[in-house]
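Required output: the full structure, derived from the provided sequences and hints.
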Amino acid sequence: MIYQAGSKESNDCLITIKKSNETKIHIDSIVGHLFYDQILQAVKETLDDQLVDHVEVTVEDKGALDYTIRARLIVAIRRMKNDV
Amino acid sequence: MFRSLLFIPGNNPSMLQNADIFMSDGIIFDLEDAVNINEKDNARNLVETYFFTTKDLPKNIILRINPVNSLFIEDDLKLLLSRKIDYILLPKANMLSMYVIDKMLSSLEEKNNLKVTKLICLIEEAKGIAEVDEIAKHPRVEALLLGAEDLTNELEIERTTVGNELLYARSKVVYAAAANQILAIDTPFTDITDQEGLEYDCSNAKSLGMKAKTAIHPSQLETINQIFSPTKKMIHWAQGVIQTYEKVGKGVFQYQGKMVDKPVIEKAKKLIEKAKIFDLL
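Sequences listed follow chains R and Z, in order. Under this note's numbering, the residue at position 5 of the first sequence is numbered 5, and the numbers go up by one with no gaps. Just add 1000 to wherever you are in the second sequence, counting from 1, and you've got this note's numbering.
Read the hints as simulated data drawn from the structure, not as lab findings. As the structure is a prediction and not an experimental result, all values here were calculated from the model. Check the hints yourself; a few may be wrong.
[What the hints assert, rightly or not] Ranges of calculated distance between the beta carbons of each label pair, as one might list FRET restraints:
(1) Z:Glu1222 - R:Ile25: 40 to 46 Å
(2) R:Leu34 - Z:Asp1133: 54 to 60 Å
(3) R:Ile25 - Z:Asn1164: 58 to 64 Å
(4) Z:Val1100 - R:Asn82: 21 to 27 Å
(5) R:Lys44 - Z:Ser1082: 22 to 28 Å
(6) Z:Ala1126 - R:Lys81: 41 to 47 Å
(7) R:Asn82 - Z:Tyr1099: 30 to 36 Å
(8) R:Asp48 - Z:Tyr1099: 42 to 48 Å
(9) Z:Met1001 - R:Leu51: 41 to 47 Å
(10) R:Lys18 - Z:Lys1078: 25 to 31 Å
All residues carry an ideal CB built from backbone N, CA and C; glycine is no exception.
This is how it looks when you write it as structure tokens:
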């Protein structure tokens, strides 16, 4: 089962999350050449804050700011948790 | 005090990240009509994260919550815990929804040691218009905002550029606000391509006593601010009245050939105060 939050509109990102044997993070960003590390950090920190592991997270980023990435990931995680 | 308030859909990151640079006197972060029912959690969380992580927030933050009888109300109100919200915009305001929101807010404020939440009431139903005098008296209420789209839909009438169909509703809101010394804010003009129509609509609303107007697009703000600000001529007149009043030291005198007494002096003072608030002096 996959869970999503966000969109592929400008300045937004689409986050997809699903259960996995190990934590994997995929980032596809239009600004990845500049901000890959920051996006990765935002995802990792949010997963830690939400006490979530063993998930596969995909970020399709259209130039989202840090808080947007964190907000979308939190909602995707909540949707996943609410469905369990 | 406002001249203009801009609606921003709560689920739109592009608009959110520019919220502090728009030239409106306040921003309405909309969790209600602008957000699809399946995206309420997304919008609420985006706005909350924006509040917590953004250094330069807009000068007046208004949160448009979902109706008190919706599933979303409790979660919407939790955003008050951010302590960043200046006003709650209550949709479909009537005496019953006022009673419910007051109870909910009082409980939340007491549990979390929050200051008293101020309300802007969205008067957008015939029931709201019928009860607007009572709504305006409530101590939490600082402004009334007319919502013409829902109202004309309920009445099954067309909105026109001339706006005769809104005369009664606008007047009810204006008089209820004035009688309780709160602000009357006009409904948005929904055709963002019609500049001439916007100018007319602003001038018409202002002439009826509206003190501010909402915008649905940043391009409307310049016109709204201009029309709802005191003009240079008016400011100059008010300064002249006040200076003459201070000089002659009498309650009744002549200025530019016209009689000036207490109501005129009060009007001039109000105008100067408004000009200062909007950085026109």
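For each hint, the structure was consulted:
Hint check: Glu1222 of chain Z to Ile25 of chain R, Cβ distance near 44 Å, so the stated range 40 to 46 Å holds. At about 57 Å, the beta-carbon gap between Leu34 of chain R and Asp1133 of chain Z stays in the expected band of 54 to 60 Å. At about 59 Å, the CB distance of Ile25 of chain R to Asn1164 of chain Z agrees with the hint of 58 to 64 Å. For Val1100 of chain Z paired with Asn82 of chain R, a C-beta distance near 26 Å keeps the hint of 21 to 27 Å intact.
A hinted range of 22 to 28 Å for the beta carbons of Lys44 of chain R and Ser1082 of chain Z is consistent with their spacing of about 24 Å. A beta carbon spacing of about 42 Å between Ala1126 of chain Z and Lys81 of chain R agrees with the range 41 to 47 Å that was offered as a hint. With their beta carbons about 31 Å apart, Asn82 of chain R and Tyr1099 of chain Z fall inside the hinted range of 30 to 36 Å. For Asp48 of chain R and Tyr1099 of chain Z, the Cβ-Cβ distance of about 43 Å falls inside the hinted range of 42 to 48 Å, so the restraint holds.
At about 46 Å, the beta-carbon gap between Met1001 of chain Z and Leu51 of chain R stays in the expected band of 41 to 47 Å. A hinted range of 25 to 31 Å for the beta carbons of Lys18 of chain R and Lys1078 of chain Z is consistent with their spacing of about 28 Å.
In summary, this structure violates none of the numbered hints.
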